[in-house]
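Chemist: So you can see what is in the structure, the chains are spelled out below.
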Amino acid sequence: MNLTFYDRIFKPREYVLPNGKKAYKKASRAPVYIILILAMSALSVKITGFDMKILVSRIGQFFVILGEMFPPKTSYMPTVWNPLFDTIKMSLLGSVVGAILSVPFAMLSSTNVCPNKIVVSVMRVMFSLIRTLPTIVIALVATLIFGLGTLAGTVAIAVFSFGYIGKLTYEEIETVDMGAFEAMQAMGATRAQAFISAIIPQVLPFYLSNCLFNFEGNVRYAAVLGYVGAGGIGLILNEKISWREYPSVGMILIALFVTVFIIESVSRYLRKKLV
Amino acid sequence: MIKFENVGKVYPNGFEGLKHVNLTIEQGEFVAIIGLSGAGKSTLIRTINRMHDVTSGKLTVDDVDVMSLSGKTLRRFRRKIGMIFQSFNLITRTTVIKNVLTAFVPDMPWYRSAFGIYTRDEKIKALECLDKVGILDKAFVRADQLSGGQQQRVALARTLAQNPQIILADEPVAALDPVTANQVMGDFKRINEDMNISILINIHHIDLALKYATRVIGIREGEIVFDGPASEATQDVLDTIYNGKVDRDGNIQE
Chain L
1 MNLTFYDRIF KPREYVLPNG KKAYKKASRA PVYIILILAM SALSVKITGF DMKILVSRIG
61 QFFVILGEMF PPKTSYMPTV WNPLFDTIKM SLLGSVVGAI LSVPFAMLSS TNVCPNKIVV
121 SVMRVMFSLI RTLPTIVIAL VATLIFGLGT LAGTVAIAVF SFGYIGKLTY EEIETVDMGA
181 FEAMQAMGAT RAQAFISAII PQVLPFYLSN CLFNFEGNVR YAAVLGYVGA GGIGLILNEK
241 ISWREYPSVG MILIALFVTV FIIESVSRYL RKKLV
Chain Z
1001 MIKFENVGKV YPNGFEGLKH VNLTIEQGEF VAIIGLSGAG KSTLIRTINR MHDVTSGKLT
1061 VDDVDVMSLS GKTLRRFRRK IGMIFQSFNL ITRTTVIKNV LTAFVPDMPW YRSAFGIYTR
1121 DEKIKALECL DKVGILDKAF VRADQLSGGQ QQRVALARTL AQNPQIILAD EPVAALDPVT
1181 ANQVMGDFKR INEDMNISIL INIHHIDLAL KYATRVIGIR EGEIVFDGPA SEATQDVLDT
1241 IYNGKVDRDG NIQE
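Chains as they are written, first to last, in the numbering used here: chain L, 1 to 275; chain Z, 1001 to 1254.
Derived by calculation from the structure, the hints in this document are not laboratory data. Keep in mind that a hint or two might mislead.
Calculated cross-link-like contacts (lysine to aspartate or glutamate; reagent style EDC-like; alpha-carbon spacing at most 20 Å) [stated by the list, open to error]: (1) LYS1072(Z) to ASP1053(Z); (2) LYS1211(Z) to GLU1223(Z); (3) LYS1132(Z) to ASP1065(Z); (4) LYS1125(Z) to GLU1029(Z); (5) LYS1211(Z) to GLU1029(Z); (6) LYS1080(Z) to GLU172(L); (7) LYS1019(Z) to ASP1227(Z); (8) LYS1072(Z) to GLU182(L); (9) LYS273(L) to ASP1144(Z).
If you want the footprint, here are the derived chain L segments under chain Z, 3+ residues with CB under 8 Å [to be verified]: (10) 81 to 94; (11) 198 to 205.
Chain L residues, not near chain Z, derived (Cβ > 12 Å throughout) [stated by the list, open to error]: (12) GLU68; (13) LEU108; (14) LEU168; (15) THR190; (16) GLU216; (17) GLY229; (18) ARG268.
Cβ atoms here follow ideal geometry from the backbone N, Cα and C, with glycine treated the same way.
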């Protein structure tokens, strides 16, 4: 048996069968990882200046502000509708555009579909770069290019969706059973024809499910984009918080909560049907 | 007619898959290729439709040099050669008829296959092919709900829809129980006799090979060590092919 340094200190457990044969179970490595995680957490506390005393003494303020939001100012609701719909429109359009655009690039990122290794690596690096950019930064840049408003927000969400769906899709394509693809090629089909007939039917349900999940998330992200002027509900949320009009803030949050809840429930139902 | 003239195949890692293969297979023959795993059975069969390349010698199918083909000419050439796989290679998430209809995809514009638009004529042809292998009643069932034997028949129907002159079958019955394996071999035999399609089968079941095939080719370490009618495949011949480990009924020799 091959004993590492660790095994020499923490001896493997020995099982002896009635006929004298032996089986060994090596000692668990979990304690090492637990100690590492604890040490890193301690280090993080030191670096970030996390102070328990401030947290305990000021946490009450959070509930004071929360209390001021109630009762929410219902008369403010008519002003909320428009930005709320803007937010939904931004996330829907952005999600659809990003998801559709990502498909050809996801194909080029899959080693089993694209035979050229250089193309595959270039595409993957591109997807990683796009996913590294925080959506709020993309939105900020987009407002500089397209001006303030929902167009900038839509672009930001489309870029995020492109990176997110693209990555999930190429990972899905790579796990697909290639048998049918091989059969199509043996029948004289081109790679593109084989992809359409043999791989799309296998990937489509997962792709649609990912698109829905992405859309759910985007409604929440889109709510923040107004902070950088990219339109939607974040715009009035930012405004009302800075003016300390907490009852209006309460109204906005409730409207947002209900919207997100409805969209998530519908999406969850549809996703269950799909996969 | 398939003709191997001193054909060799060396894999990129240096392994010799085929050595000096000389074979002539006439239209309408039923050939079983037997040998140990790794002996080169799959390689031999897959060079015929150029799923694998040969590295030396000359391989011609109906006087066409297979290695001279590429792109469009290769794809057109593959249209007349059907292929059957051990694991069926169906699109499991979709219906049986749609699987058969994929045989028409290479001749169709892409948007028709993308949206699954097939003509009435194509559908009738697909159903006829399913009828020929006796599973017309399963046409609109999802492929993954069928048993292994039924799935292999769907694959056979898909190949028939291609209207091939040759069918290459790479261990078509290895994943099937003995009864179903016999039925599927019977299907092959019927297709071979009724439609004069040449059939080349890789197979591990010696009893099935000797029962259904008219010609047996034994291959060992990339070389053809036997080629003749099934009746001439004596125990001595099998000893050469399998290094003396099996008998004619497929039983292991101690």
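Chemist: Against each hint, give a clear statement of whether it holds in the structure.
Modeler: Status of each hint after checking the structure:
| no. | hint | result |
| --- | --- | --- |
| 1 | LYS1072(Z) to ASP1053(Z) | 17 Å, holds |
| 2 | LYS1211(Z) to GLU1223(Z) | 24 Å, violated |
| 3 | LYS1132(Z) to ASP1065(Z) | 32 Å, violated |
| 4 | LYS1125(Z) to GLU1029(Z) | 25 Å, violated |
| 5 | LYS1211(Z) to GLU1029(Z) | 14 Å, holds |
| 6 | LYS1080(Z) to GLU172(L) | 33 Å, violated |
| 7 | LYS1019(Z) to ASP1227(Z) | 15 Å, holds |
| 8 | LYS1072(Z) to GLU182(L) | 17 Å, holds |
| 9 | LYS273(L) to ASP1144(Z) | 18 Å, holds |
| 10 | 81 to 94 | violated (count 0) |
| 11 | 198 to 205 | holds (count 5) |
| 12 | GLU68 | 54 Å, holds |
| 13 | LEU108 | 17 Å, holds |
| 14 | LEU168 | 18 Å, holds |
| 15 | THR190 | 7 Å, violated |
| 16 | GLU216 | 25 Å, holds |
| 17 | GLY229 | 40 Å, holds |
| 18 | ARG268 | 22 Å, holds |
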